[in-house]
Amino acid sequence: MNLGRPIAISVGDPAGVGPRVSVAAALALRAPCALFGDAAQLRAEAPDAPWTECDDSLELAAGRLGIVDTGRVAPATIAAYAPSPEGGLAQVRTLERAARSVQAGRARALVTGPTSKAAIASAGIPFIGQTEFLARLDGRQDDDVTMMFLGPKLRVALVTTHLAVSAIPQAITIARVQRTVRHLAEALHRLYPERTATLVVSGLNPHAGEAGMFGREDLDVIAPAINGLSRDALFAAGHVRVRGPEPAESVFRAAQRGDLDGVVAQFHDQATIASKLLDWGAAVNTTWGLSFLRTSVDHGVAYDAARSGRVDADGMHAALALALRLTGNA
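If you want the numbering used here, it's the 1-based position in the sequence shown plus 73.
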């Protein structure tokens with residue numbers, strides 16, 4: 074594998090665990106990485122690491138770790154271990170600068186640390202989440218990208234993301250279901266190019282609607298969306314098989330047994346409850362449909378853990394390792 078171009082890491086909330094897990098995981102990966110954040114804070118996490126402070130060109134000598142300084146954050150803000158306007162501004166500034174470097178082709182992928190929506194909102198910046206922020210930064214609509222959680226036991230993609238439960242049925246459309254299936258199929262084919270992957274679409278309603286008794290979304294939207302994909306190249310060529318809708322309770326049990334490769338879930342908690350139960354600490358939040366690859370830890374800023382110093386970097390290491398795997402020889 075060609076490891077020439079580094080991974081760009083946006084370290085997330087400076088008052089949370091992001092900087093610490095980013096440094097620890099980058100050191101353990103033994104592959105080129107450039108960390109975007111407060112240079113003084115990052116150096117303090119590992120004073121003896123082979124740091125090189127670099128600009129956005131991300132040119133690194135072999136065996137060196139890059140730091141791109143995105144601005145000083147007051148030590149009192151970091152030590153507060155709480156959301157703050159200064160921390161919110163720093164997160165957005167760091168995320169955007171790291172993403173721009175990947176867009177320009179200077180890095181192979183973007184890996185993001187956890188951000189605090191409360192901190193960013195307190196800075197007066199509209200922010201739904203990193204997935205939506207990156208889509209708009211990349212000149213795309215929210216519906217152009219798919220949120221996935223890729224783990225060792227479950228690979229799951231979401232038709233809808235951050236919505237009130239009452240809004241979900243109206244938000245599930247044929248176009249959204251098909252976009253999500255296509256994106257997960259592409260990811261599965263990249264992960265398992267040597268074999269045919271099996272993808273199952275979960276139903277929205279109990280028992281996938283029970284032939285319309287418990288709602289018609291499964292009959293009128295989800296099933297036609299799946300049937301309309303038969304001529305898509307990945308499916309027509311036999312690289313990926315898709316079926317559904319099937320009851321979510323059955324689908325996730327099959328995933329747990331290893332009987333299928335991926336699941337398309339209809340809404341946020343349908344996917345994330347299963348992901349966190351099956352792959353806690355090992356699932357990687359992945360954004361598909363951007364002009365570049367983005368992966369992320371599957372946990373929050375964890376202010377309490379940052380305060381205590383008891384921090385686990387396994388999630389960030391999994392995000393970095395998956396970024397390397399999915400970008401291959403990029």
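Hints were generated in silico from the structure; no laboratory data involved. Honestly, I wouldn't trust all of these hints.
[Stated by the list, open to error] With beta-carbon atoms standing in for the labels, derived distance ranges: (1) SER303 with LEU236: 23 to 31 angstroms; (2) GLY331 with ALA240: 32 to 40 angstroms; (3) GLY382 with GLU132: 16 to 24 angstroms; (4) LEU236 with THR125: 20 to 28 angstroms; (5) LEU292 with ASP217: 47 to 55 angstroms; (6) ALA119 with MET286: 54 to 62 angstroms; (7) ALA117 with ALA237: 38 to 46 angstroms; (8) ARG380 with HIS280: 42 to 50 angstroms; (9) GLY354 with LEU236: 24 to 32 angstroms; (10) GLY354 with LEU210: 23 to 31 angstroms; (11) LEU210 with ALA240: 51 to 59 angstroms.
The beta carbon of each residue, even a glycine, is placed where N, CA and C say it ideally should be.
Hints, verified against the model:
1. SER303 with LEU236: 23 to 31 angstroms: holds, 29 angstroms
2. GLY331 with ALA240: 32 to 40 angstroms: Since GLY331 and ALA240 have Cβ atoms about 34 angstroms apart, the given range 32 to 40 angstroms holds.
3. GLY382 with GLU132: 16 to 24 angstroms: violated, 34 angstroms
4. LEU236 with THR125: 20 to 28 angstroms: Check failed, 43 angstroms falls outside 20 to 28 angstroms.
5. LEU292 with ASP217: 47 to 55 angstroms: violated, 27 angstroms
6. ALA119 with MET286: 54 to 62 angstroms: holds, 59 angstroms
7. ALA117 with ALA237: 38 to 46 angstroms: At roughly 41 angstroms between Cβ atoms, ALA237 and ALA117 fall inside 38 to 46 angstroms, so the hint holds.
8. ARG380 with HIS280: 42 to 50 angstroms: Given a distance of about 45 angstroms, which is inside 42 to 50 angstroms, the answer is holds.
9. GLY354 with LEU236: 24 to 32 angstroms: holds, 26 angstroms
10. GLY354 with LEU210: 23 to 31 angstroms: Because 28 angstroms falls inside the window, the suggested range holds.
11. LEU210 with ALA240: 51 to 59 angstroms: With Cβ atoms ~25 angstroms apart, the hint is violated.
Consistency note: the structure conflicts with the earlier hints numbered 3, 4, 5 and 11.
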